[in-house]
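Enquirer: Sequence:
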Amino acid sequence: MWTIATRELRSLFLSPLAWSILAAVQVIFGLFFALLVYWFLQPEIQASLANDPTAPGLTAVVVRSLLDWIGTVLLFVSPLLTMRLISEERRNRTLPLLLSAPLSMSSIVLGKFLGLMAFFIIMLAMLMLMPLSLLFGGTLDFGQLASGLLGIILLVGALTALGLYISALAPNPTVAAVSTFAAFLLLWMFQWTENVIEGQTGVLNLAYWSITKHYQPLLEGLFSTADVVYYLLFIALFLMLSIYRLDADRIQ
Numbered sequence: 025m026w027t028i029a030t031r032e033l034r035s036l037f038l039s040p041l042a043w044s045i046l047a048a049v050q051v052i053f054g055l056f057f058a059l060l061v062y063w064f065l066q067p068e069i070q071a072s073l074a075n076d077p078t079a080p081g082l083t084a085v086v087v088r089s090l091l092d093w094i095g096t097v098l099l100f101v102s103p104l105l106t107m108r109l110i111s112e113e114r115r116n117r118t119l120p121l122l123l124s125a126p127l128s129m130s131s132i133v134l135g136k137f138l139g140l141m142a143f144f145i146i147m148l149a150m151l152m153l154m155p156l157s158l159l160f161g162g163t164l165d166f167g168q169l170a171s172g173l174l175g176i177i178l179l180v181g182a183l184t185a186l187g188l189y190i191s192a193l194a195p196n197p198t199v200a201a202v203s204t205f206a207a208f209l210l211l212w213m214f215q216w217t218e219n220v221i222e223g224q225t226g227v228l229n230l231a232y233w234s235i236t237k238h239y240q241p242l243l244e245g246l247f248s249t250a251d252v253v254y255y256l257l258f259i260a261l262f263l264m265l266s267i268y269r270l271d272a273d274r275i276q
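Per the working numbering, residue 25 is the first one in the sequence shown, and the count goes up by one each step.
A portion of the hints provided could be inaccurate.
[Said to hold, decoys possible] The calculated SDA-like cross-link candidates involving lysine to any residue, where the alpha carbons are at most 25 Å apart (straight line), are:
1) Lys-237 - Tyr-268
2) Lys-237 - Met-152
3) Lys-237 - Ile-177
4) Lys-237 - Arg-115
5) Lys-237 - Ala-29
6) Lys-237 - Ser-203
7) Lys-237 - Ala-272
8) Lys-237 - Ser-131
9) Lys-237 - Leu-261
10) Lys-237 - Ser-124
11) Lys-237 - Ile-259
12) Lys-237 - Leu-104
13) Lys-237 - Ala-149
14) Lys-237 - Asp-273
15) Lys-237 - Leu-174
16) Lys-237 - Tyr-62
17) Lys-237 - Ala-74
18) Lys-237 - Trp-93
19) Lys-237 - Leu-99
20) Lys-237 - Ser-248
21) Lys-237 - Leu-169
22) Lys-237 - Val-49
23) Lys-237 - Val-252
24) Lys-237 - Val-202
25) Lys-237 - Leu-119
26) Lys-237 - Leu-151
27) Lys-237 - Gln-215
28) Lys-237 - Thr-96
29) Lys-237 - Val-97
30) Lys-237 - Gly-81
31) Lys-237 - Leu-211
Just so you know, these hints were derived from the structure itself, not from any lab.
Please read all numbers here as calculations on a predicted model, not as lab measurements.
Work the whole structure out from these sequences, hints included.
Expert: If you want it as structure tokens, here you go:
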């Protein structure tokens, strides 16, 4: 499993696409972070916050907004990385060699998953240098920051698991990318039904199953085991489906 994960992470850093995505994400969020800080430091904003005893602090205004946009952008970026996990092996006709290796299907799937997750965590670690730089001139709520970062990691884990499964189904990376993007968009749009469909609560509410709904409370610093369990079950489900899919390919 760790051999597959290391191989996957190494192949990502040898890919121009991965480096392009890493650079683009840093530039985009660097500019966005600078604009957030500039807006927060405006005299009229500072005056309005000073006159309100319940006004949100630096973490709630700047860091939360940054993390929220990171989650949204990764929703659209991750299909470009997950598309190649299995479908590229199939396109290059190396999948039979991988399946015939003395490895279990769970080791292959978990290795692919952990390799890409390591890449995302490196990306997030670089992005976290931006909010941490605020310590030079202010204070941060590390509890809310940690909660928000946990929410982003869980969201990325869910996106990676679903993208991995679709990559295992697709004949080539292009089909995998388009299908994954469509699936992410559908799960994102579920949240919009919250104010449209009335009379449904809990799991009966379609918005409950939105892939982005459950990390929003974590961004606010509100830790809920229900939100964490949702993502863990989501990840486990699609990793298991990926294992079953590769088992079927091995039998064939």
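Enquirer: Work down the list of hints and note, for each, if the structure agrees.
Expert: Outcome of the hint check:
For the given pair, Lys-237 sits about 28 Å from Tyr-268 by alpha-carbon distance, which is inconsistent with the 25 Å threshold. At most 25 Å may separate the alpha-carbon atoms for a hinted pair to count; Lys-237 and Met-152 meet this at roughly 22 Å. Between Lys-237 and Ile-177 the alpha-carbon distance is near 14 Å, which keeps this suggested pair within the 25 Å criterion. About 35 Å separates the Cα atoms of Lys-237 and Arg-115, which puts this hinted pair outside 25 Å; it is violated.
For the proposed pair Lys-237 and Ala-29, the alpha carbon gap of about 29 Å is over 25 Å, so the pair is violated. A distance of roughly 21 Å separates the Cα atoms of Lys-237 and Ser-203; the hinted pair therefore holds under the 25 Å criterion. For the hint linking Lys-237 to Ala-272, the alpha-carbon distance of about 33 Å lies beyond 25 Å, and the restraint is violated. At roughly 30 Å between alpha-carbon atoms, Lys-237 and Ser-131 are farther apart than 25 Å, so this suggested pair is violated.
The straight-line distance between the Cα atoms of Lys-237 and Leu-261 is roughly 18 Å, inside the 25 Å bound, and the hint therefore holds. In summary, the hint linking Lys-237 to Ser-124 is not supported, as the alpha carbons are separated by about 40 Å, beyond the 25 Å threshold. At most 25 Å may separate the alpha-carbon atoms for a hinted pair to count; Lys-237 and Ile-259 meet this at roughly 16 Å. Under the criterion of a C-alpha separation no larger than 25 Å, the hint pairing Lys-237 with Leu-104 is consistent with the structure, at around 22 Å.
Between Lys-237 and Ala-149 the CA atoms are separated by roughly 23 Å; this keeps the pair inside 25 Å, and the hint holds. Distance restraint check for Lys-237 and Asp-273: the Cα-Cα separation of roughly 34 Å exceeds the 25 Å cut-off, and the hinted pair is therefore not satisfied. With a CA separation close to 14 Å, the supplied pair Lys-237 and Leu-174 stays within the 25 Å bound. A distance of roughly 29 Å separates the Cα atoms of Lys-237 and Tyr-62; the hinted pair therefore is violated under the 25 Å criterion.
Restraint check: the Cα-Cα separation between Lys-237 and Ala-74 comes to about 31 Å, which exceeds 25 Å; the hinted pair is violated. With a C-alpha separation of about 14 Å, the suggested pair Lys-237 and Trp-93 falls inside the 25 Å cut-off, and the hint holds. With a C-alpha separation of about 13 Å, the suggested pairing of Lys-237 with Leu-99 holds against the 25 Å cut-off. With a C-alpha separation of about 12 Å, the suggested pairing of Lys-237 with Ser-248 holds against the 25 Å cut-off.
A hinted pair counts as satisfied when its Cα atoms are at most 25 Å apart, and Lys-237 with Leu-169 qualifies at roughly 18 Å. For a cut-off of 25 Å, the pair hint linking Lys-237 to Val-49 stands: about 23 Å separates their Cα positions. Of the supplied pair hints, the one linking Lys-237 and Val-252 holds, its CA atoms being roughly 12 Å apart against a limit of 25 Å. As the CA atoms of Lys-237 and Val-202 are separated by approximately 23 Å, the hinted pair is consistent with the 25 Å bound.
Among the hinted pairs, Lys-237 with Leu-119 is inconsistent with the structure: their alpha-carbon atoms are about 35 Å apart, more than 25 Å. A C-alpha spacing of about 22 Å is found between Lys-237 and Leu-151, which places the hinted pair at or below 25 Å, so the restraint holds. With a C-alpha separation of about 6 Å, the suggested pair Lys-237 and Gln-215 falls inside the 25 Å cut-off, and the hint holds. Distance restraint check for Lys-237 and Thr-96: the Cα-Cα separation of roughly 11 Å lies within the 25 Å cut-off, and the hinted pair is therefore satisfied.
Between Lys-237 and Val-97 the CA atoms are separated by roughly 15 Å; this keeps the pair inside 25 Å, and the hint holds. Distance hint between Lys-237 and Gly-81 is fulfilled; the C-alpha atoms sit about 23 Å from each other, no more than 25 Å. This hinted pair checks out: Lys-237 and Leu-211 have alpha carbons roughly 10 Å apart, not beyond 25 Å.
The structure fails to meet hints 1, 4, 5, 7, 8, 10, 14, 16, 17, 25 from the earlier list, while all remaining hints are met.
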